[in-house]
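Student: Protein chains in written order, with our numbering: chain R, 1 to 364; chain C, 1 to 318; chain B, 1 to 282.
Don't read these hints as lab results, they were simulated from the structure.
Treat the hints with care, since some could be wrong.
Take a look, some chain R residues computed to stay more than 10 Å from chain B by CB distance [unchecked claim]:
#	residue
1	Leu50
2	Leu147
3	Gly161
4	Ile166
5	Ile192
6	Pro260
7	Pro287
8	Trp298
9	Leu305
10	Val309
11	Ala322
Quick partial rundown of chain C residues pointing at chain R, CB under 7 Å, derived from the structure [stated by the list, open to error]:
#	residue
12	Leu55
13	Leu75
14	Ala99
15	Asp113
16	Gly117
17	His148
18	His149
Glycine included, every Cβ here is placed at the ideal spot set by N, Cα and C.
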Amino acid sequence: MTDLGPTTVAAPPTPSLKAGAGASRPARIALGVLTRIGWLLVVVWAAVSLTFILSRVVPADPARLAAGLQAGPEQVAEVRALLGLDQPLLKQYIDYLGGIATLDFGDSIQTRGPVLDDLLKALPATLELVLVAFTIYAIVGITLGVLWAVRPRGILSRLIGFGTIIGAAVPVFWLGLVLQVFLASKLGWFPISGRMNYNDFGVADVTGFTTIDALLAGNLSAFGDALWHLVLPVTALVASQLAVATRLMRTSMAQQLRRPYVRVARARGSSELRVVVVDALRNALNPVVTMLGMQFGWLLAGTILVEVVFSWPGLGLYAFNAFRTFDYNPILAITIVTTVTFVVVNELVGLIYPILDPRLKEDR
Amino acid sequence: MSDVLTVRNLTVRYPNAPRPSVQGVSFTVPARGSVALVGESGSGKSTTALAVTRLLDPAVEVTADEVSFEGRDLLRMGKKELRALRRGGLGMVFQDPRASWNPARTIERQLLDGLRGAERAERRERLVARMRRIGLDDPERRMRDYPHHFSGGMLQRALLAGVLVHEPRLLIADEPTSALDTTVQAELLALIGQLRTEQGLSMLLISHDLGVVARMSDHVLVLYAGRIAEQGPTSTVLAQPQHPYTRDLLAAIPRLHGPRKVPLQVGRVAEARTEGCPYAGRCRFATDRCRTETPAPRRVGGTEVACHLAPLPDAKAA
Amino acid sequence: MSTAAQAAAPARSRGARRVRWTPRRIVLLAIGALILLIVLFPGLFTSDTWNKVNVADKFLSPSWDHPFGTDEAGRDILQRMIHGARLSIGASLAVAFAAAAIGTIYGAIAGWVGGWVDRILMRIVDVFLAFPYLVLAMALAAAIGRDMKSAIIALIIVWWPSYARMVRGRVLSLKRDLHVRAARTLGASSAQLLRWHVIPHTFGEVNARLTVDIGYALVALTGLSFLGLAAQGTSPEWGLMVSTAKSFVLSAWWYALFPGVVILLTVLYFVRVGDELAGEES
């Protein structure tokens, strides 16, 4: 029905390697893994090339744009040399691809340091936000969808139904701002922006994940503060997407509950809870898992917006500053990192199917 | 207490349905007895079984003067008691064996679902023994397999074994063999018959197959559009049918020698009339009275029949 | 000949099909007319001085005179939004229509030609669908030039593949349909067949999807604006208004609130109409 945005369920093409069918099991697995990695490389290459071409070919003078409107000719020339824009286009392209292959994304104009260093510094903050949001998104979406399917005529289901109509249309950045204005600023229940401050609590920065570092230091008040900072950004991310998971889960669950084996399980004397959670849920999760993988891509974009709203010092804020200053190397690097994350997450999602459906196990 | 199941004046109505799916149906299943419900699809036979066992959606309206299992009121029974009954005295098998199993769980898990501790261990042991008896090799290992590893016939046997291990007093079998090949069907029927004599089990059989009914039941109810058209001892009803519908049903059985005697009149149960005799629209003998006045059941010959015209002239020939 | 006439009949009856005007649909149509009017003639609903700086009136909270309050330059937020509708909704329409058009043609060709052409074309679509599309749109908008035009182009680039996949699937099944085969036996060329007998039959699904996508394109576009990748400067584009409001969020709550509510309601409207069209289709 209404999935947000253009991506319908895009299962990566399954490699149909009939030639490998006769090979031994380890050989087949190795071949499968290689194909998947090959696919990942193709996708990343395409993303890089598309952005590269559009950034170098479409603007009349990329250096001029990058240097900004106030820049004088010398500054433009400096930027041109810095970005290698004085080189032939093909050479720029090859140099760039070569750099990426060795994880050298070039320097950032803004921070005047290697982009890789900036990325590594910002990555944990973003991962912490995304992973917490994704986990809550999956759990809450599945739970609400199941409740809706089990009691379709109840009051709760009406509320959920109404919520999904509104929820499917909420712009995440606006929701973030509204939460910030009312819950943080007016009511003061939550911090307005940022993450837990390591210095304030004397916690050592070991992993870059505030929650984990606080726990490692055994500092519960720091842990509480880390969670407190997460509440609003995570709420904005989850709430603006929840409708998608909830609706699909409900449809899928309602379908399973109509299947004969559910009646047989009831006739056998299984409790209703068992019928729903042990019998039907497992089968109903299949399409939802595919969707969750696709939604992760949306979550990555949503995180950029939410980080800007809450000044969350992660990749999104880094990207935002790069957008503003036309700092192109970080933008390309972030595109690559998110694309790789997205493709890898969807590959991992593919590993869940055989657990849900034993019929798929034997084909592997 | 000689009756296992008593149903009096059962009426079932789906939400927004023009007429009840089951209307005023009454019957009893005596201990060790076997009662069959026959009729075309849509006649209300499965709905009757589901209503009796409380497996219909709560939105479906079920009313009756009495539905009791061994004297206990099934319709007002609490959830816990009902569950205990389903794990013990009351066993059910359904039509499509493949669809009756959850594809994602092993058959052992499904068959022992909800049982815990000593109860589970003890029943598991009996299940293994029974599985071996129904013809499953190496049951200890095979029971840990998933449904897609089994044939349809084996799945239905396993389902039956899983039900019978709880030593039910009543088995409700809803078209247990319709989805199976003829040979597998015969084997399964033989198995059910054998287990019935061994365990002293009563049965409520739902079928559209008069051959199966003749073989497996001693009393039969012919349902049409949710009402009982005719009921009586199976042998009598099949040999001397008094209701035109029963006759048409019998005549519609394809025969090995010679053509079918009379094809069933064109029409479907869904188009049944709401006033008068439900069968009047399709009945070859229908009169004006049939179209306006609903016939009450009467005892005619050896059967009880709801037809104004019974006994039909020349009841022997169709 | 008679086969062809019969076979062509569904297409005709489709075009002539009467729409049932339920009260809900009349309301939806009326809202649509209002939106169209606002987009085409915003001046009808506002004073001429809607964009005039008036520092004396800055940050007035909502009142009868200023239902949505005023902004940092004393301008009426509601009036600015009425003028911004043309930008925000217009751009969303452009994105949805262009993506649908490109995707339909691409998908129709892939499905119609089949064979290795189809395989290559669809593999390209797979690559596009494997991107986290909004992140890619942000990168593309930044690469092309950070203005409305680049944002629209960027969104079209990431948005068309889903239509290509949908239309290809439809064309594959249409290819086997009787009316297409009948037209072919009458000697229609491939181009004629596609133009008259195949592509029109995909419109039902495409239209429903497209309408919903106008709403989601609005969410995406205002998101890009919020990041400074679409509308610039003092434009009354809705996403940019929210972005500007972000700086004053602690002093003027209404500034961020109302533009978002309007975006939300607009999206809901298009989703609702799309569902209505999809319901009509099935």
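Student: Now tell me, hint by hint, if it's right for this structure.
Tutor: Going down the list of hints, with the structure as the test:
A beta-carbon of chain B is positioned within 10 Å of the beta-carbon of Leu50 (chain R); the least distance is around 7 Å. Every CB of chain B lies more than 10 Å from the CB of Leu147 (chain R), the least distance being 23 Å, so the non-interface label holds. With a minimum CB-CB distance of about 13 Å to chain B, Gly161 (chain R) clears the 10 Å threshold, and the non-interface call stands. With a least beta-carbon separation of about 7 Å from chain B, Ile166 (chain R) fails to lie farther than 10 Å from that chain, contradicting its non-interface assignment.
Its beta-carbon lying about 8 Å from the closest one in chain B, Ile192 (chain R) breaks the requirement of being farther than 10 Å from that chain. At roughly 26 Å from the closest C-beta of chain B, the C-beta of Pro260 (chain R) stays outside 10 Å, upholding its exclusion from the interface. Distance to chain B confirms Pro287 (chain R) as a non-interface residue, since its nearest Cβ pair spans about 17 Å, more than 10 Å. For Trp298 (chain R), the non-interface assignment is contradicted: its Cβ lies about 6 Å from the closest Cβ of chain B, within the 10 Å cut-off.
A beta-carbon of chain B comes within 10 Å of the beta-carbon of Leu305 (chain R); the shortest separation is about 6 Å. Against chain B, the non-interface label of Val309 (chain R) is violated: not every CB pair exceeds 10 Å, the least being about 7 Å. With a minimum CB-CB distance of about 8 Å to chain B, Ala322 (chain R) fails to clear the 10 Å threshold, and the non-interface call is violated. Residue-level restraint check for Leu55 (chain C) holds (minimum Cβ-Cβ distance to chain R is 6 Å; threshold 7 Å).
For Leu75 (chain C), the suggested interface contact is broken, since its CB lies about 16 Å from the closest CB of chain R, more than 7 Å. Hint on Ala99 (chain C) holds. Least Cβ distance to chain R is approximately 4 Å, under the 7 Å limit. Because the beta carbon of Asp113 (chain C) sits about 5 Å from the nearest beta carbon in chain R, less than 7 Å, this interface hint is met. The interface hint given for Gly117 (chain C) is broken, as the beta carbon of that residue sits about 16 Å from the closest beta carbon of chain R, more than 7 Å.
Taking 7 Å as the C-beta contact cut-off toward chain R, the hint placing His148 (chain C) at the interface holds, the least distance being around 5 Å. Residue-level restraint check for His149 (chain C) is violated (minimum Cβ-Cβ distance to chain R is 9 Å; threshold 7 Å).
Comparing the model with each numbered hint stated earlier shows that hints 1, 4, 5, 8, 9, 10, 11, 13, 16, 18 do not hold.
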